[in-house]
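Engineer: This is what each chain is made of:
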Amino acid sequence: MKLLTANRLTDGLVLWYRDGDDLSGWTENAVDAARLDDEAATALLDVWKARETLLVAPYLVPLVDDHTLVKREYVREFVRANGPTIGQTALDTAKLQNRGEVF
Amino acid sequence: MSLLNSSHEPKLVTADGTLIPDGWRLLADDETVGVDEPNVLGFDRALAELDGLNGKYGVRVNPADDVRKLLPFIDKIALIEVAFPGYRDGRGYSTARILREEGFTGPIRAVGDVLRDQLLYMIRVGFDEFLVKDADPQGAIAHAKSLFDYAYQSAADDLKPVWQLRQEATGA
Amino acid sequence: MYVYDQFDHAVVAARNAEFKDQVARRLAGELSEDQFKPLRLMNGLYLQLHAYMLRIAVPYGVLSSAQMRTFAHIARTYDRDFGHFTTRQNIQFNWIKLADTPQILEDLAKVEMHAIQTSGNCIRNTTTDQFAGAAKDEIDDPRPWAELIRQWSTFHPEFTFLPRKFKIAITGATRDRAAIRVHDIGLQLTANGFDVYVGGGMGRTPHLGHLIKSGVPGEKLLSYLEAALRVYNRYGRRDNIYKARIKILVSALGPQEYARQVEEEWASLDQAKIDAPYAEIARIKSFFPEPDYTAKAFDAAALDRAKAADPGFARWVRNNTLAHRRDDHVSVTISLKPTGLPPGDASSEQMDVMADLADDYGYAELRVSHEQNVILPHVAKADLYDLYQRLDKTGLSSANVGKITDMIACPGLDYCSLANARSIPLAQDISKRFEDAGYTDKIGDLQIKISGCINACGHHHVGHIGILGVDKQGEEFYQILLGGRADEQAALGAITGKGMPAEAVPAAIERVVNLYLELRTDESERFIDTVGRLGREAFAGALHEPA
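Going down the list, the protein sequences come from chains W, H and S. Position 90 of the first sequence, counting from 1, maps to 90 under full-length UniProt numbering, and the rest follow consecutively. Position 20 of the second sequence, counting from 1, maps to 20 under full-length UniProt numbering, and the rest follow consecutively. Position 293 of the third sequence, counting from 1, maps to 293 under full-length UniProt numbering, and the rest follow consecutively.
What the hints contain is simulated information worked out from the structure, not anything from laboratory work. Heads up, the beta-carbon is just placed ideally off N, CA and C, and yes, glycines get one too. There could be a bad hint or two in this list.
With a straight-line cut-off of 25 angstroms between C-alpha atoms, the simulated DSS-like cross-links for lysine-lysine are [stated by the list, open to error]:
(1) Lys20(S) - Lys133(H)
(2) Lys145(H) - Lys49(W)
(3) Lys145(H) - Lys133(H)
Computed from the model, here is a short list of chain H residues facing chain S with C-beta under 10 angstroms [as the list claims (entries may be wrong)]:
(4) Arg45
(5) Leu47
(6) Leu50
(7) Leu53
(8) Asn62
(9) Asp66
(10) Lys69
(11) Tyr93
(12) Gly112
(13) Asp117
(14) His143
(15) Ala156
(16) Arg166
Chain W residues, not near chain S, derived (Cβ > 10 angstroms throughout) [unchecked claim]:
(17) Asp19
(18) Asp21
(19) Asp22
(20) Val31
(21) Ala34
(22) Arg35
(23) Leu36
(24) Glu39
(25) Glu52
(26) Leu63
(27) Glu73
(28) Val75
(29) Pro84
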């Protein structure tokens, strides 16, 4: 299972793919990211890699199950999903932003 | 999505913005050298054979080649092609500049990964022909030359460094 | 300070027009990301974990109050109300929109600033002593030379695609506060010209620079640098990004052979064409006069009374001020290392306050240090207490300069896409552990430097205590280095003991520090001296909890 993520071209913010075929199908809230099976994820990645006027550097984040990252990706993706952990923990940040626990 | 610049067939353009035909041909190392034909020799072959050849030739210089080794044969060289296998490899800039410092007056041509955003720097270090990948090679040259009116440092072109302009302005 | 003339303005304006065009082409889809990335990286614009980051050059760390106010404006208008001062004496903003960058560059150009030479494989912004022109131990002022180098290296056509980035540092004092031995080229200004050190650097293979030439005359400095860069451009490795810095070339050739090649190249250059003449050097020097010092009656007794009445002030004077070449002035370091906040960060309000204080007490001039603090280089002693009180109101009166909590830390994995581990939260935890002023002062001078990956932006190799964050099978893990220093006795630290998770680090450091307090001969023996005397292995055991 995988998540599809990228940065938005115009402001660089982290986006997560939810559904659809334009930018409105992407969300800044990782909680709402679609959990994609591997084949669908790879196909979607190819589609979005070509959409260079919308996104920068899309890639897939592997999951162990719905809410667990593979360990190798954990810290980096946790920080990407929740924002810098500075002055507070990433979970505090997530709570402040009403995001709930992402991973 | 519109076409990307680097996807275009390379065209040969001069530093003054003229499209020119490319009469020169890089010889494979086992091809016979034609006398007075527009042949470009590989660097090692040029070093080995130019001494015994009559006429004028082109020489292909790759990034790792020490261009100063060509100096003994410089009278037999009508064209130097400097290869840029990737635009990030900047050794060719030193190659061109050394050639100009050593008095080579023939054309120095940039070939390979030559993109519009490098042209200004190439012109400044002494290149005067470009096999450029761009939809509009002439526009690319014009754009590069329009970017900066001034340069801080002297190079191989005729732009005076800013310090010299300052001296002239104060009459010093 | 250097003031732009029509030529300087024209170069920046032309660059901004070019970048504006490149941004427009990217947004319109005429440039792919692959094509745009090297272009934005030639203009200080990175894509980090969360957003674009724009790094703005503060040439040799010198800035005016007006320039500082522009940073405040950028933080407020285009970012999330703060900026981060870097170990390269620059500032970076972490939440920048691509479409805003042309306007930001226009705002910067109005105060003679830009983002040139802050990224890419070019000659980067030259750095120097943050106390240049003020310090008592200065032999000659490095700033005019740094400006000369800035101009020469800006868009140098031969050196825009070097094997790797290239950093030059200059010092003109006997104490090296510019860390010249860990730069690609370090220049020591002496009474007889420049001593040139080459091949220093940190990263994954740290090296100290080698002295390859003494006494290069100032009027010949540029041509000598040109020769040094040309040898590097031609022969530096390009097959492996981790071996592409000049330190690897110098180490492979040997310093003597490298020096010989530079000498040969130097002799072949048309030096008269390259070296700016004396008149130009004199013109640049004319921008760095002594400030027009205001004669303020200084009452030593009044200062003593203020210190006696306000111990916080007394401590701040002791730790945050440096002797000035004039007896009635000092240089003041404003610490950006308050307990529990990210090292080097300042809010827009704090930037505005620092600008106001520079206007009121510091001849409108500020500096950024590579330790990520801000300096008022010239402050009348008579103004110290007023200055301190105003700093205190804005959270800028931390009195910890040079102390264990005055840490260098890179942005780490909280922002940086290259990092393996976080740096800032660890720095915050350490600063909380050593919050007690009496304890910190008892420990004395001690530099902790933290990097979140092997690239060593946090200078961990030259920390008295260095901390390197690594990724250990998905966990953040930290290696501790002891014995490094970046000053005139530069030395590289070495990994000591076993790595540990973040939560174990503050206590480990405390055990090491307490052992030092036990072992030092007396208060005058600093931590680094004790490590030097006894060897770092004497401290290895203390890093780990007794079994």
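Engineer: Hint by hint, note whether the structure agrees.
Structural biologist: Hints, verified against the model:
1. Lys20(S) - Lys133(H): Measuring from Cα to Cα gives roughly 22 angstroms; hence the hint holds.
2. Lys145(H) - Lys49(W): Measuring from Cα to Cα gives roughly 34 angstroms; hence the hint is violated.
3. Lys145(H) - Lys133(H): holds (17 angstroms)
4. Arg45: violated (22 angstroms)
5. Leu47: violated (17 angstroms)
6. Leu50: Violated, about 22 angstroms.
7. Leu53: Since the shortest Cβ distance to chain S is 27 angstroms, the answer is violated.
8. Asn62: Violated: closest Cβ of chain S sits about 12 angstroms from Asn62(H), beyond 10 angstroms.
9. Asp66: Holds - the Cβ of Asp66(H) comes within 10 angstroms of chain S, reaching about 8 angstroms at its closest.
10. Lys69: This hint is violated: Lys69(H) lies away from chain S, its Cβ roughly 13 angstroms from the closest one there, beyond 10 angstroms.
11. Tyr93: Holds. Min distance 5 angstroms.
12. Gly112: Since the shortest Cβ distance to chain S is 13 angstroms, the answer is violated.
13. Asp117: Cβ of Asp117(H) sits 6 angstroms from chain S, so the hint holds.
14. His143: OK, holds: His143(H) within 10 angstroms of chain S, min 8 angstroms.
15. Ala156: For Ala156(H), the interface hint holds, since the closest Cβ of chain S sits about 8 angstroms away, which is under 10 angstroms.
16. Arg166: holds (6 angstroms)
17. Asp19: Since the minimum Cβ distance to chain S is about 23 angstroms, Asp19(W) lies beyond 10 angstroms and the statement holds.
18. Asp21: It holds; Asp21(W) is separated from chain S by about 17 angstroms at its closest Cβ, greater than 10 angstroms.
19. Asp22: holds (15 angstroms)
20. Val31: holds (17 angstroms)
21. Ala34: holds (21 angstroms)
22. Arg35: The claim holds: Arg35(W) sits with its nearest Cβ about 20 angstroms from chain S, beyond 10 angstroms.
23. Leu36: holds (22 angstroms)
24. Glu39: holds (25 angstroms)
25. Glu52: Non-interface label fails for Glu52(W): nearest chain S Cβ at 6 angstroms, not farther than 10 angstroms.
26. Leu63: Holds: least Cβ distance 14 angstroms, greater than 10 angstroms.
27. Glu73: Given that some Cβ of chain S is not farther than 10 angstroms from that of Glu73(W), nearest at about 8 angstroms, it is violated.
28. Val75: violated (6 angstroms)
29. Pro84: It is violated; Pro84(W) is separated from chain S by about 4 angstroms at its closest Cβ, not greater than 10 angstroms.
Hint violations for this structure: numbers 2, 4, 5, 6, 7, 8, 10, 12, 25, 27, 28 and 29, all remaining hints satisfied.
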